[in-house]
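Chemist: Chain by chain, the residues run as shown.
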Amino acid sequence: MTERQLPRDALDGLLGPAGPEVGCDECFDQIDRYVELELAGEDTEAVLPGLGAHLAGCPACREEHASLRALVSGER
Amino acid sequence: MSVTIVRPIDPVNVSRKTVAPAASLDDESRAWLRDLRAEGPDRDAAIARLHELLLRAARFEVGRRRRALSSLRGGDFDDLALQAADDAVVSVLARLDDFRGLSRFTTWAYKFALLEAAVKVRKRAWQGRELPLEPDAWQVFPDAGSGPESSTELGELLTTLKSAIEEVLTPHQRRVLLALALNGVPIDVLADRLGTTRGALYKTLHDARRKLRAHLDERGMPLESWLEETT
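Note that the protein sequences, when read in sequence, are chains S and R. Residues 1 to 76 in the working numbering are what the first sequence lists, from first letter to last. Residues 1 to 231 in the working numbering are what the second sequence lists, from first letter to last.
Derived by calculation from the structure, the hints in this document are not laboratory data. Relax, there's no trap hidden among the hints.
Which chain S residues face chain R? A few, computed with CB under 10 Å, are given here:
1) L15
2) E21
3) I31
4) Y34
5) H54
6) P59
7) V72
Which bits of chain S does chain R cover? Going by a derived footprint, with three or more residues having C-beta under 8 Å, they are:
8) 22-29
9) 64-70
Chain S side only, calculated, beta carbon under 10 Å to chain R, not exhaustive:
10) G13
11) P17
12) V35
13) L37
14) C58
15) E75
Because the structure is a prediction, the values reported are computed rather than measured. Every residue, glycine too, gets a C-beta built ideally from N, C-alpha and C.
Pulled out of the complex, with its shape left as it was, chain R reads as follows (with noise of 0.2 Å):
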């Protein structure tokens, strides 16, 4: 496998909303097009059937994360998927004019479904939960790099890697990476809890992968042959 440590472009921090030219819809999306612009009843049974179609998908993503919500009850899971799917009708409106036909209308608009019934599960699983510390993370790294199968050159590279984020990251770099990246902090949990933005979140994270990458590089580290090896 090829890793290449520089990135000649970072899309991450560019803001690329491409405005495709609106493709040829077919029937189906046309439709729903037309009766969601519509007034009076048209509207009111468009956006009736539209919340049934996002109730669906937001039902399906929530019995996907059962598991992560032990605690709850069933009737919890439907209030659930309910709350994403009046969210998500709410979204796919007010976006409206952002479908190009490049997709078909039902497939653009179940994303807005998942997307609000994955970060409510996320969101509750997470709640009253404190964020795990730093140190909880540290813990992967000597357990890591002594086991039977570790080789010097993995010693070495943990080594590195964790001086590295020791030294190179700054504080919230470090705090975000950690939590994200080793304590399985997800990241609308993160973001809620740091007052920003999922978005701004990534980027963050990104910029501290590079910063590690790059510092990996620059000491001739073998993380290309070490990955292939464990690939």
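Extracted from the complex, chain S is given alone in its bound form (with noise of 0.2 Å):
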């Protein structure tokens, strides 16, 4: 990791994304379907306003919604 990196990197964490976005349990609710509109193509946000941004901002939701999409899209 460089020194222009790390403040980037710092700055995400600590301020997370700016627009308005859902909590955990929400995403968690939603994340199956957020993941087959996405492989579907479709716009994501215009249907689950707020879940990008918390994909964003949560690593774990992150780490799991980065897993879901991988299950699924390797069975089709």
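Make the complex out of the two chains shown on their own, each in a separate frame, by following the hints.
Modeler: Next up, the structure:
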């Protein structure tokens, strides 16, 4: 990690996403639908506003989203 | 990149449990629901198939995270996946009526296994480890602001941010923010140690972040231009 990257990563973690976002519970409730919309090329933000922002701000939900997407896309 | 400081709505603070209308189910999802709601041997067979499905998902997740568990042996990984699959089956059966058909049933069910496995791996990786103390996190700041590429603007931004973390946040918000955002403590691990939930901790993190953004905005900090510069 370079010194240039370090403050950017730190700032992202400290300040989070700029826009409105859902919480972890709603993210979990909707993540299956979100992944299927993504894989179908749909506009996820229009259907599930704030969920993408939450994934940007929450490392744990982001990891679980990546796993679900990888698992489901591997079956298609 | 446009950065909006003021948030017109704050869904993290609002429970938005929308009850979406049940979508028309695909044949496979309908069959899962029918079999899991059956009685006797049909239900037992469906639960066994569900367990098999969720064990595959849990193994997939544990496999992705093996590097975080370098001290474990091969059999331990499968034990972890099995525990995750067991717990996920219980969760899926308990929440069967929540399935609205807005995704395939298998996609909906997978998320329970992935969550159980991910949480178990994170907790196992931090088992017996002390959480980093606050001063560990502060080491980021002087290094970050004194590098050869650091601008005066960046130095000022980091100095203001550090002051805001010390002065604007409550002790609880500061502890949570530094642990999660700078010290890399997984949110499930911190929630476990503090006796709270992941959702409650994320709300604390969100509120802290909002306070910091508002503080920087009030002081005219060039957050937007700095972020654009480094994108």
